[in-house]
Amino acid sequence: DAGITQSPRHKVTETGTPVTLRCHQTENHRYMYWYRQDPGHGLRLIHYSYGVKDTDKGEVSDGYSVSRSKTEDFLLTLESATSSQTSVYFCAISQGGLSGANVLTFGAGSRLTVL
Amino acid sequence: DAKTTQPNSMESNEEEPVHLPCNHSTISGTDYIHWYRQLPSQGPEYVIHGLTSNVNNRMASLAIAEDRKSSTLILHRATLRDAAVYYCILDRDDKIIFGKGTRLHILP
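Those protein sequences? They're chains A and B, same order as listed. Count along the first sequence from 1, add 1, and you get the number used in the numbering used here. Count along the second sequence from 1, add 109, and you get the number used in the numbering used here.
Since the hints were derived computationally from the structure, they do not count as laboratory data. Some hints could be false.
Below are the SDA-like pairs computed for lysine to any residue, each with C-alpha atoms no more than 25 Å apart in a straight line [as the list claims (entries may be wrong)]:
1) B:K204 - A:L79
2) B:K112 - B:S179
3) B:K204 - A:Q38
4) A:K12 - A:Y65
A few chain A residues that don't get close to chain B, going by computed Cβ distances all over 10 Å [as the list claims (entries may be wrong)]:
5) T14
6) L44
7) S85
Just so you know, these numbers come straight off a predicted model, no measurement behind them. Glycine residues also receive a C-beta, built at the ideal position from the N, C-alpha and C atoms.
Build out the structure end to end from the sequences listed, making use of the hints.
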């Protein structure tokens, strides 16, 4: 997957428990993104990062927090998981708007089930 | 947020060209048009992008209207492996928003 790894790939957890998904890149790209994908909703942006310690909210950020303490890792945390957060989560990376085009490379996805 | 409109689904016959439309009437002068596709059970993958001129690469062609308010992704000869969801997005700033895309069905 072009230097981008998501972990875990599959996780089942219970309502109310904290969950952290990790996105790791070896490309030294500046931008990292977290999306969720649910049937009928396409891809929805949760949070993104434009540098170490620089993050911003996306379309559906409620219930999620992120951290980026180093270039290669972008963590997505569900402080207290709910059944509505059952989804497939995709991480994406990008060099940024070099030459005005922000091309994303996606990870393989992490499937989270909250019981 | 930069918004695009695509048909929910389309069908095409195998080995025929496919034209996937996208409307982006609120496009700004510096917005790039990007296309991604998502094969079943995989993450999205980049297909092509452009600003004003038509673009070609090994996967597809991108035709951009003169007023830039619409674009068309062209698959010159569809195969069964091209069955996927195709997303058209505008690269306006760092906040990359996807819509629901077009689900392309290829008929053998």
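Here is what the structure says about each hint:
1. B:K204 - A:L79: This hinted pair holds, its Cα atoms lying about 21 Å apart.
2. B:K112 - B:S179: Since the Cα atoms of K112 of chain B and S179 of chain B sit roughly 12 Å apart, the hinted pair holds (cutoff 25 Å).
3. B:K204 - A:Q38: Holds, at roughly 17 Å.
4. A:K12 - A:Y65: 16 Å, holds
5. T14: 22 Å, holds
6. L44: Per Cβ check, L44 of chain A is inside 10 Å of chain B; nearest 4 Å; violated.
7. S85: Given a closest Cβ separation of 19 Å, the condition holds.
Hint compliance for this structure: hint 6 is the single one not met.
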